[in-house]
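Chain by chain, the residues run as shown.
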Amino acid sequence: MIYLRLFYEFFKVGLFSVGGGMATIPFLQDISLRLGWFTTSELSDMIAVSESTPGPIGVNMATFAGYKTAFGIFNNQFAGVLGGLVATVGLIAPAIIVIMLVSKALQKFSDNKYVKGAMYGLRAVSMALISYAGLGVMKITLINLDAFSKSGNIFDLFVFKTIILAVLIFVLQKIFKKIHPIVYIIFSAVVGIVFNFA
Amino acid sequence: MKKVSILDLFLTFMKIGAFSFGGGYAMLPILSKELVEKKGWTDDKELTDYYAIGQCTPGVIAVNVSTFIGNKLRGFFGGIIATLGMVFIPTVLLLVIAIFLTRFADNPYVKDALSGISACVCVLIVNAVIKMWKNSVVDFATFCLFLVSLGLCLATWFLPFSLSPVILVLGGAIAGIIIKKAKSGDKKK
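From first to last, the protein sequence lines stand for chains A and B.
Here the first sequence stands for residues 0 to 197, numbered as in numbering that gives the first Met the number 0.
Here the second sequence stands for residues 0 to 188, numbered as in numbering that gives the first Met the number 0.
FYI, nobody ran anything at the bench for these hints, they're computed from the structure.
Treat the hints loosely; a few may be bogus.
Stated by the list, open to error - Taking lysine-lysine and the DSSO-like style, the derived pairs with C-alpha atoms no more than 30 angstroms apart in a straight line are: (1) B:K71 / B:K44; (2) A:K103 / B:K110; (3) B:K2 / A:K115; (4) A:K173 / B:K14.
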């Protein structure tokens, strides 16, 4: 039964991908090679779409991959939708179960000195991981190493449009603290379209 | 605290999920705005802890945080409702795209909009770091721990080795226990 299989495979992805959506990609590559549910070029398509839509990338990938797989087998859109839903539920199920357990344990042991010590160290490392992810995003979006190494012109290194927009948003949200972050997301999308950012 | 309605829980997380571009970290300022400022369901310190735990538990961080908060507010069922709310719009959108828009990611408008949004995502992550900083880096020892971890991560850009976040997180937890123990030992003397 393909749906059980889909659930099982994506449950495994959810269980073993620790530390964010990008961690799911190697597991999906494995599925592609082992089971042939989708090709590697379809996978890069899925990554592109998952990154261009809202929502956790891992979840988006599961929905897309589940749809493709079931659609590929039954050649029917309803079957595809069901496949997408089954894969998504499979992916998030382990996280829900584990967090419920951790949450219970934390309530019980929150005064334990080892738990306190571990959380104390964990927060600092978590901070480092988030900063690292932030620097990674900036490296990709604000500077263009390819263009720089081709031309050797220092002005090609920086993506000025994007930098100006980022600085503008940063300053605006410092001044207008009441404005919802969602407003800035919509604003930046509109600016991107109007000024042809891509 | 007044009991949170299941519908409110679902709709709030649905709204957050609909605008979570750029992954779980960029989502933090939105979570903070909705859950801390507007609803008062949690505080920034608790959010920091949920993120810290989300780094070392399986699954996507956005899902982990939703489950945590839903579970805290309305128990097991609440955890599931919050998580389903979070993934609702993205899942529906993805299915629509999978069925009707085969070349969605290649569309020039989509590309332009996303390039613009990527600038905003940078700012959102910087804000996440600023927000969490005072709850995470509380003294010299945690500052050192932060610097060493970040240094190790950044070194993977230039040196040929890879580093699993799991190792870092485990190391951080152990270091935290040792530092706390050493500190309480000092006080006893």
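Taking the hints in turn, this is what the structure says about them:
1. B:K71 / B:K44: holds, 15 angstroms
2. A:K103 / B:K110: violated, 43 angstroms
3. B:K2 / A:K115: holds, 29 angstroms
4. A:K173 / B:K14: holds, 23 angstroms
Hint 2 alone, counting from the list given before, is not met by this structure.
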